[in-house]
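Chemist: Read off the chains here:
2 protein chains.
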Amino acid sequence: MKRSMLAAMVAAGCAGALHLVPAQAQFAKAEDAIKYRQAAYTVMSNHMGRLSAMARGTRPFDAASAQSSARIIEAMSHLPWEAFPPGSATDKTRVKGDPWKDAAAFKKLQDGLMAETAKLPAAVATLDGLKQQLGATGKACKDCRDDYRKD
Amino acid sequence: MKRSMLAAMVAAGCAGALHLVPAQAQFAKAEDAIKYRQAAYTVMSNHMGRLSAMARGTRPFDAASAQSSARIIEAMSHLPWEAFPPGSATDKTRVKGDPWKDAAAFKKLQDGLMAETAKLPAAVATLDGLKQQLGATGKACKDCRDDYRKD
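Just so you know, the sequences run in chain order U and X. Just so you know, the first sequence maps onto residues 4 to 154 in this note's numbering. Just so you know, the second sequence maps onto residues 4 to 154 in this note's numbering.
In short, the hints are calculated from the structure, not lab data. Honestly, I wouldn't trust all of these hints.
Any copy, or any two copies together, can satisfy a pair, since identical chains are not distinguished.
Restricting the straight-line Cα-Cα distance to at most 27 Å, the calculated cross-link-like pairs of lysine-lysine (DSSO-like) are [claimed, not checked]:
id	residue 1	residue 2
1	K134	K110
2	K32	K134
3	K38	K99
4	K145	K134
Chain U with its partners taken away, still in its complex shape (with noise of 0.2 Å):
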């Protein structure tokens, strides 16, 4: 019982089955919800700079700080997806284009960068491993970026 336990603890991950709860119902008010998904990429890029610090040398690289920073940029890429209301592309956001239009090219972005922060734990054992998955994550970013934020 208690090696299941722990298997659908790492099964679930950090962020668990978030994303599959009906986005309205998390927050009262669209400002909330931007509030939050805000919050949520403010702790996953500052955790990107310090693994981007690594690859680029301005900072030691630490194997350990590295899976630390690894694990929250992986919990926090599941975060900010339920927090999309419609109409919470205000003059406070970013938002660039029309999320809500195409629900499935949104959701394709999302787990495209889900699938490459699941990665980055274990790759960042290394230094090469950590440039590389830092770039496949970061280009998983910029993929979702490029089409709904505003620079």
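Since the structure of chain U is already known, use the hints to place chain X on it.
Modeler: Quick look at chain X alone, frame taken from chain U:
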């Protein structure tokens, strides 16, 4: 090897050993630290709210969703502490008193919160467990706020 990796991932939890990394090294400016810790609190608070709604009965109890929230709360509870560099109690913050004056006292409150959030994922398997451990976690939040946060 696979099993030991799983075990290590579980042991390390979502947030890992981030709080062991020296604080000031992580943020270029105090504003970055403030934004980061506030983001962590935003995400944590949102999920405390979800559990709270289940405890109050304004949202149906769902063990999977509760566990997902509990894991996020646990992970978030590790993040803010490195993001309190000296001088980061500006007028954009609600910092009260002087958390830097007695580092041991501040650390004790941080540890208290992390000890309670660590119990959340298992506790929320039942509604009674959720109510009990949400209360204990909320108390640990309050203990710290009482000393260091403006109302």
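Chemist: Now tell me if each hint is right for this structure.
Modeler: Each hint, compared with the structure:
1. K134 - K110: within (26 Å within a copy, 34 Å between copies)
2. K32 - K134: between (39 Å within a copy, 25 Å between copies)
3. K38 - K99: both (17 Å within a copy, 23 Å between copies)
4. K145 - K134: Within. Shortest intra-copy distance 16 Å satisfies the 27 Å Cα cut-off; inter-copy 41 Å does not.
The structure is consistent with each of the numbered hints, conforming to all of them.
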